[in-house]
Structures are given as structure tokens and as C-alpha cells.
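Asks: With chain B held as given, fit chain U onto it using these hints.
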Amino acid sequence: MEKERRLTRRNGKTVGQCYLMLAPSLIGLCLFVIYPILWTLRFCLFRYGGYGEPIFVGLNNFVRAFTKTPRFWESVANSFTFAFCKLAVELPLALFLAVLINRKFKGRDFFRTIYFLPTMISTAIVGVVFYFLFAAHNGVINGYLKVLGLISKDIDWFSDKNNGILIMCIASIWQNFGLNMIFFLSGLQSIPQEIYESSTIDGATGWKQFWSITFPMLGPVLVIVVMNAFLGSLKVTDLVLVLTNGAPGGHTDTMMSYIYKLFFQSKSQPDYGFGSALVLICAIILGIITVLYLKLSKKYQNIY
Amino acid sequence: MTTATAERPGSVHAPMDIRKKRHVSNASVARYIFLILVTLLALFPIVYVISASLKTNKELMLGGVNIFTANPTLDNFKQAWGLAHFGRYTLNSIYVCAIAVTGVVITSSMSAYVFSRGKFPGKKIIYTMFLATMFVSAGSVTIFPISQLAAKLHLNNLTGLGVIQMFTISAVNLFLTMGYMKTISTEIDEAAEIDGCSFFRTYWNIIMPLSKPILATVALTTFQSVWNEYLLSRVMTIHDSMTYTLVVGVTQLKSMGGEGAAQWNLMMAGTLFAIVPIIVVYLSLNQYFIAGLTAGSVKG
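Note that the protein sequences, when read in sequence, are chains B and U.
Everything in the first sequence is counted per the working numbering, starting at 1 for the first residue and increasing by one.
Everything in the second sequence is counted per the working numbering, starting at 1001 for the first residue and increasing by one.
Extracted from the complex, chain B is given alone in its bound form (with noise of 0.2 Å):
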């Protein structure tokens, strides 16, 4: 009967601790994520310029956002050829790494190691980097160009979009192919060995292993990295404001970083509501994919 009474007072005292201890992230997560999402989801029906009362406007933020503002419209299609043209060389060039590096041999820590190095500096930084590297009077890249004969006058590289995009992309490649070899890698090492063994017993090899075992063996590994690469390509926004920072003329601009500069950039009195509104639509667009993505890719997911 003591007993008894003492491990419920116990207990009760358990879960108050619980609380307790649970309470700083809960308040952040409150503040500081959840917060702000409601608030997003509240301003897009609103017309606010940051000050006095906001005004309730229905819908009309996102029928502006359709029909008056083709610059936002442009800028989610750079953030989609972004995403492509840049994961067309990336994941493929990651996988291949992480094939060769799936091995013993010498130097193989070395490789892993450089490789993964880019990944650790600043996306800000990076931007700072490839601007120097792609300047037109004094960059490395125009001066090599030359040397080579390629060009004979300096490529004003930030003054032409498509040109702007490509110069993100190499610079993004540079920073994020070794976190998905990384990924790649780890994938690979939970693909059983006897498999290869006895597949090289009943005459595969190469190229003829890699594509009936690797590639299929590898699929749900291949789904998620491929999504978050995706995805995270969609939401770039760092590099874009550092490197062109839209130039020229915010041609070169993503969705998010059109949307950041809308809230912290403009020259006239920024419309949170509206800005609010595009959030939104941004998410919508971005979980649109990712559903689709996974229905797509199901098959894969099932392959075990």
C-alpha cells in the first residue's frame, strides 16, 4: 500500500518533469515555425504594407498573382530549368563517383574526403566565389578562355540569362555533388555483396550488372535523394540573391528569391499580403510535386 502510493506520486511528478523539459522546444516550435506559417496563411488574404490596420481583400492577392505579374511567373520557370538542367549533370556525375569510390582501393578516403568538401561551405560564400571566378574584366575564367583561344573578347557573363543560370548551376553542381555521392555511397553499401557474386557466377558483369542490380537495388535510395535534390533546387535562394542577384534586371531570378526580395528588397512599400499570397502558391507548387513524385516513383519504392 506505501508502496503503491509512492510510485504514483512518482509518476505525477514524472510527467510534470516531462513537460517541463519538453517546454523549450515546444515554445520555439511555436514561435519560430509555426507561428509563422499561420501568420503567412492569414497576410495572403490581407493587403498589409507592414503598417496601420491590414485590409481584407478575399482573393484578389491571388488573382494578382495570375494575371498581373508575369515576373514571378518567369521566375518559377527559372527555378524549374534551374532544378533540371542542373541535376541532369549532378546526380548522375554523384553516382557514378560513388560506383568508383564503393571500393577498396588506394586513396579512396582522400577522394571521399575532397569530394564532400564543397558541401561545407557557406551557399552565400559559394555565390561570392563564383562571382570572382566568372567576373568579366578580371575573372579567371574569362582570362583561361582567352589563353585557350576560345574567345578573344571578355564574356560579360551576369549581363545574359541564360548565361546567369548556367554559371548558378555550375556553381551548385560544384557545391552539392559530393553530399549526393555521400548519399549515393550509402545506398550502395546496404546492397548485399552475395548478390554480385553470384550474379558474376552466372556470367554478368559491367555495365549488364549495374543496370539489373545496382540501379534497381539502389531505387529507394535513388528516390528519396532524387527528391530532395529536387526539391531543395526548387528553394534555392542564397545563391541566386549572392551570385546575380537576378541580374540582368531580375531575369536570372528563382521563386524564392523573387518572393525574398519582394519582402526585404523593394524600392516602393512591399505588400506583405500580396507576398504572403505567392508563399502559398510556392508551397502549393512544391507539394504538388512532391506527391506526384511519389505516386510516380512508387514502383521503385517497392523494390525490396
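If you are wondering where the hints come from, they were derived from the structure by calculation, not from laboratory data.
Keep in mind the model is a prediction, meaning the values are calculated, not measured.
One or more hints might be untrue.
[Said to hold, decoys possible] Capping the alpha-carbon separation at 20 Å, the derived lysine-lysine pairs in PhoX-like fashion look like this:
| no. | chain 1 | residue 1 | chain 2 | residue 2 |
| --- | --- | --- | --- | --- |
| 1 | U | K1119 | U | K1058 |
| 2 | U | K1123 | B | K13 |
| 3 | B | K267 | B | K68 |
| 4 | U | K1058 | B | K13 |
| 5 | U | K1123 | U | K1152 |
| 6 | U | K1182 | U | K1212 |
[What the hints assert, rightly or not] Covered stretches of chain U, as calculated for chain B (at least 3 residues, CB under 8 Å):
| no. | segment |
| --- | --- |
| 7 | 1040 to 1048 |
| 8 | 1064 to 1076 |
| 9 | 1086 to 1096 |
| 10 | 1110 to 1117 |
| 11 | 1154 to 1162 |
| 12 | 1175 to 1182 |
| 13 | 1198 to 1211 |
Glycine is no exception: its CB is placed at the ideal position from the N, C-alpha and C atoms.
Replies: The following block gives chain U in isolation, referenced to the frame of chain B:
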């Protein structure tokens, strides 16, 4: 290249006959050539910045193809550290990182402990809330309401920047730590309880110290992302140039100077201040980084 891919991964080469042996060695030569080529490309921008930071501004403005300068100088670092306030920016970055890293280690280990060991009403709902935020990532665009709230709470300063990042950093840390704590036997908890440890004391004296390996990974990945963060840091510090973090300091030099910047030398030196610490930490502890990323492969 095709010969290189043709190798099956992880195989041990048993030379069967002379032809096979030749084939293998060709493949491995091709592999090395390709890997070294990628290595050079991966290192080039970093080497370029290091060598460029040793050039005078005049030499930088001239451009050209010479990566290495004939007359290296350390003046840029002196100037950047003092005149351009990069010394101050470095301290700011360290301060913000210290707050965020300490905070993340404590809060994520505490929540992980409660979720893996505690029994209390509402556990499922609260847990689902944490889980959901991992997938609902509005990304960088909720920075505006965050910065407004920070101003209201008098947190629009470096301390606030650290505190906010402590909470906005991915919930992956929580799940990593939870996964690790689940592997610690609950018999230890029971023994502690019999010895009179309270729920909290069991965490503080036993479970947290036992979780050190995973908390090291959590601390390192947090340090890396807070040290490198740009968007929120810029918004929170832009009103006072003495509160810039290193990354903001470098990018502000660029956006002020533009194409004809007379301060390339300072930007180069500042860039090095921003990347050298993280590179040194990475090179000395890289297995923790890679472990953290592969274990919680939901990043961003």
C-alpha cells in the same frame, strides 16, 4: 571511362589470366585519372581564393590567368581583420554558433529523452507536431514573420539570431538523437530510478552522457549550418554593421562594391575567414559529418 564503370563495385580482383589482369589495370588507371580530375575541379575554387587573398588589389584588378602571385602579401588579412571589421564579424559568428549549438544539443537531447522514455498525456499529439514540421518546410520565405516577431520580443540581435536558429534548424537532430537513445537499454534507467534518481536526473547524469557520440554529430552539423547561414542572418543584422556575421560581412562587401569593386582583396580575405574554420573542423572530424548526414538523410 566505360572500362572504369564496367567494374563491379566492391569486388576484389582476382587476376584470372593475363588478359584480365591488363584490363583491370587499365580500368584502374582510367579511374584514377577521372577521380583526380574531379579532385582538381573540386579544389580549384578554394585554391583560387587562397592564392588570390595573397595578391594585392592592383594585381586582382588586372586579372589574368596566373593563379599564384610572385609577391605574396599578408596585408589583406591585416586590413580585413581590423579596418573592415572582420575580426568583429568572426566573434559575432562564434557567439551565434555557441548559442545555437549549445541550445540544439540541450533541447534536442532533452526532447528525445522525453519522447523515448517518458509517459505523459498528449505525447502522441506533440510528437506528431514535431514530425510534421520536418515535412512542412515553407523554407526561407517565412523569414519575414520571424523577423517581425523577433523585433517584438526584442530578439532582433545576435543573441536572438542564435536562439531562433536553435529552433528553426531541422528537426532531424531530434530524430537522430531519439534513434540513438532507443539503443540504450532501459535497464539503466530502472537501476537509476531504484537508486533514487528523478526522471530529469536520469537524463542529466546518465542518458545524456551516454549519448555523447550522436550529440557530437548533432553539434557539428548544427555548427556547420549556423556558421554558414545567410538569409536570416542578413535580415537580423542588416540594421547594424557591427553585428554582421562573417557570411553577411563578405556578401555585404560584394553588394556594396559591385563589378568595379576596389575591395576585391578584402572580399578574398573575408571569404577565407569564413571558410577556413569550417574546413579545418571538417577535415579533422569528417567522419562525424558524414555519419550525421547519412543517418538523417533528410536535409534542407
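Asks: Next step is simple, just say for each hint if it's right about the structure.
Replies: Hints and how they fare:
no.: 1; hint: K1119/U to K1058/U; verdict: violated, 67 Å
no.: 2; hint: K1123/U to K13/B; verdict: holds, 16 Å
no.: 3; hint: K267/B to K68/B; verdict: holds, 18 Å
no.: 4; hint: K1058/U to K13/B; verdict: violated, 70 Å
no.: 5; hint: K1123/U to K1152/U; verdict: violated, 31 Å
no.: 6; hint: K1182/U to K1212/U; verdict: holds, 14 Å
no.: 7; hint: 1040 to 1048; verdict: holds (count 6)
no.: 8; hint: 1064 to 1076; verdict: holds (count 3)
no.: 9; hint: 1086 to 1096; verdict: violated (count 0)
no.: 10; hint: 1110 to 1117; verdict: holds (count 4)
no.: 11; hint: 1154 to 1162; verdict: violated (count 0)
no.: 12; hint: 1175 to 1182; verdict: violated (count 0)
no.: 13; hint: 1198 to 1211; verdict: holds (count 4)
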